[in-house]
Amino acid sequence: ETGVTQSPTHLIKTRGQQVTLRCSSQSGHNTVSWYQQALGQGPQFIFQYYREEENGRGNFPPRFSGLQFPNYSSELNVNALELDDSALYLCASSVDSYEQYFGPGTRLTVT
Amino acid sequence: GDSVTQMEGPVTLSEEAFLTINCTYTATGYPSLFWYVQYPGEGLQLLLKATKADDKGSNKGFEATYRKETTSFHLEKGSVQVSDSAVYFCALGDSGGSNYKLTFGKGTLLTVNP
Chain A
1 ETGVTQSPTH LIKTRGQQVT LRCSSQSGHN TVSWYQQALG QGPQFIFQYY REEENGRGNF
61 PPRFSGLQFP NYSSELNVNA LELDDSALYL CASSVDSYEQ YFGPGTRLTV T
Chain B
1001 GDSVTQMEGP VTLSEEAFLT INCTYTATGY PSLFWYVQYP GEGLQLLLKA TKADDKGSNK
1061 GFEATYRKET TSFHLEKGSV QVSDSAVYFC ALGDSGGSNY KLTFGKGTLL TVNP
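Protein chains in written order, with this note's numbering: chain A, 1 to 111; chain B, 1001 to 1114.
It should be emphasised that the hints constitute simulated quantities derived from the structure, not laboratory data. Hints are not guaranteed to be accurate.
[To be verified] Quick list of the computed label-pair ranges, beta carbon to beta carbon: (1) A:T2 / B:A1053: 30 to 40 Å; (2) B:G1041 / A:T20: 17 to 27 Å; (3) B:L1109 / A:L11: 21 to 31 Å; (4) A:D96 / B:T1111: 33 to 43 Å; (5) B:P1114 / A:E53: 48 to 58 Å; (6) B:V1082 / A:N59: 19 to 29 Å; (7) A:N59 / B:T1070: 26 to 36 Å.
Don't be surprised by glycine CBs; every beta carbon is placed ideally from N, CA and C.
So that you can see chain A by itself, here it is in the shape it has in the complex:
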């Protein structure tokens, strides 16, 4: 059984640029959640997708957007990058539950 995978592993962007992060959910999982983990902090909920529809959003501005595809993989897009967007971005998948399985994350650095 393949776990949750994320790409790329690391990314460096300049302030004002746009970025797309990708996530492949665990086989059979229909729900994908995205979290932002700043250095030394716990993960913060960005949003969740369930069967290709947004199903809840945390306290993040609209420049954070996402998609879920028919195969349940997902993308996180961030426009107009700011320095404070530097963080580890975690994707987690699940099947109609809170028991979420996390990928290894994408480390984004904004300079």
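Add chain B to chain A, keeping to what the hints say.
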């Protein structure tokens, strides 16, 4: 809204010592509770869970009991190993919404010395 408070780290122990990491929560309903572990350079792994009051979650020698009366879910292990060195996160499942959002504490860094 929902929130989780964990004991501040870092925690440094010798091998075979007893471990307790305190976690308390605030929630309007009846959340599910979780402990996740993050090893260096990796994502989060689910360690254990409890879905209702008085449930005890356990895994790999770790235990935590869902205490509704004290709104707590403290993590314990009787004898830690060097391989337990990691960051531990307490989390709760959204108790009032229609999605499966997790709310995390800030994490506690555990270092176990041989």
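Now for the hints, and whether the structure bears them out:
1. A:T2 / B:A1053: 30 to 40 Å: 36 Å, holds
2. B:G1041 / A:T20: 17 to 27 Å: Given about 23 Å between the Cβ atoms, the range holds.
3. B:L1109 / A:L11: 21 to 31 Å: 25 Å, holds
4. A:D96 / B:T1111: 33 to 43 Å: Since D96 of chain A and T1111 of chain B have Cβ atoms about 37 Å apart, the given range 33 to 43 Å holds.
5. B:P1114 / A:E53: 48 to 58 Å: 50 Å, holds
6. B:V1082 / A:N59: 19 to 29 Å: 38 Å, violated
7. A:N59 / B:T1070: 26 to 36 Å: 28 Å, holds
Going through the hint list in order, the structure does not satisfy hint 6, though it satisfies all others.
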